[in-house]
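Peer 1: Whenever a hint applies, use it, and build me the whole structure from the sequences.
The opening position of the sequence shown corresponds to residue 1 in this note's numbering, with each subsequent residue numbered one higher.
Keep in mind that a hint or two might mislead.
[Claimed, not checked] No more than 35 Å apart at the CA atoms, straight line, and that leaves these computed lysine-lysine pairs for DSBU-like:
#1 Lys72 <-> Lys113
#2 Lys36 <-> Lys72
#3 Lys113 <-> Lys6
#4 Lys6 <-> Lys44
#5 Lys46 <-> Lys72
#6 Lys33 <-> Lys46
#7 Lys36 <-> Lys113
#8 Lys6 <-> Lys19
#9 Lys44 <-> Lys19
#10 Lys46 <-> Lys4
#11 Lys33 <-> Lys44
#12 Lys33 <-> Lys113
#13 Lys4 <-> Lys33
#14 Lys113 <-> Lys44
#15 Lys36 <-> Lys4
#16 Lys46 <-> Lys113
#17 Lys19 <-> Lys113
#18 Lys19 <-> Lys4
#19 Lys19 <-> Lys46
#20 Lys19 <-> Lys36
#21 Lys36 <-> Lys6
#22 Lys72 <-> Lys6
#23 Lys44 <-> Lys4
#24 Lys19 <-> Lys72
#25 Lys72 <-> Lys4
#26 Lys4 <-> Lys113
#27 Lys72 <-> Lys33
#28 Lys6 <-> Lys33
#29 Lys44 <-> Lys72
#30 Lys46 <-> Lys36
#31 Lys33 <-> Lys19
Just so you know, the hints here were simulated from the structure itself, not pulled from any lab data.
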Amino acid sequence: MSYKGKIDEMRNELRVMYKAIPEATAGFGVLSKAVKENGPLDVKQKEFIALGMALVLRCEPCINFHVEALMKAGGTREELGDVLAMAIQMGGGPGVMYAGHALACWDELAAAKA
Numbered sequence: 001m002s003y004k005g006k007i008d009e010m011r012n013e014l015r016v017m018y019k020a021i022p023e024a025t026a027g028f029g030v031l032s033k034a035v036k037e038n039g040p041l042d043v044k045q046k047e048f049i050a051l052g053m054a055l056v057l058r059c060e061p062c063i064n065f066h067v068e069a070l071m072k073a074g075g076t077r078e079e080l081g082d083v084l085a086m087a088i089q090m091g092g093g094p095g096v097m098y099a100g101h102a103l104a105c106w107d108e109l110a111a112a113k114a
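Peer 2: Rendered as structure tokens:
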């Protein structure tokens with residue numbers, strides 16, 4: 001399955017979950033919005049952090065979402081590489097594997113935009 005397909009499939013699963021537990025998911029949405037819209041870091045910097053954490057925590061759906069968000073926030077492939085390098089340093093061998101997913105996701109989404 002393509003990374004775009006994985007992102008779409010996860011979004012569909014989340015929509016079902018939002019209907020099942022609306023209060024909890026709404027609360028998470030409020031938290032997410034508050035974090036992104038406040039503080040001294042801009043959205044791109046926050047996406048760098050989120051992506052690095054997703055890599056080290058080995059959450060492939062999170063990686064895919066944050067790669068997509070990083071692109072929307074104006075990140076570059078070179079900046080992505082720097083984040084991946086840091087995540088590899090912190091996450092060791094598993095970090096290498098998930099960094100590969102992140103780079104492949106970036107390349108697929110970038111090619112679709114071109």
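Peer 1: All hints, please: hold or fail.
Peer 2: Checked hints:
no., hint, result
1, Lys72 <-> Lys113, "holds (11 Å)"
2, Lys36 <-> Lys72, "holds (13 Å)"
3, Lys113 <-> Lys6, "holds (17 Å)"
4, Lys6 <-> Lys44, "holds (22 Å)"
5, Lys46 <-> Lys72, "holds (13 Å)"
6, Lys33 <-> Lys46, "holds (12 Å)"
7, Lys36 <-> Lys113, "holds (24 Å)"
8, Lys6 <-> Lys19, "holds (20 Å)"
9, Lys44 <-> Lys19, "holds (30 Å)"
10, Lys46 <-> Lys4, "holds (22 Å)"
11, Lys33 <-> Lys44, "holds (14 Å)"
12, Lys33 <-> Lys113, "holds (26 Å)"
13, Lys4 <-> Lys33, "holds (23 Å)"
14, Lys113 <-> Lys44, "holds (19 Å)"
15, Lys36 <-> Lys4, "holds (23 Å)"
16, Lys46 <-> Lys113, "holds (23 Å)"
17, Lys19 <-> Lys113, "holds (31 Å)"
18, Lys19 <-> Lys4, "holds (23 Å)"
19, Lys19 <-> Lys46, "holds (28 Å)"
20, Lys19 <-> Lys36, "holds (24 Å)"
21, Lys36 <-> Lys6, "holds (24 Å)"
22, Lys72 <-> Lys6, "holds (18 Å)"
23, Lys44 <-> Lys4, "holds (20 Å)"
24, Lys19 <-> Lys72, "holds (27 Å)"
25, Lys72 <-> Lys4, "holds (14 Å)"
26, Lys4 <-> Lys113, "holds (12 Å)"
27, Lys72 <-> Lys33, "holds (16 Å)"
28, Lys6 <-> Lys33, "holds (23 Å)"
29, Lys44 <-> Lys72, "holds (9 Å)"
30, Lys46 <-> Lys36, "holds (7 Å)"
31, Lys33 <-> Lys19, "holds (19 Å)"
Going through the hint list in order, the structure satisfies each hint without exception.
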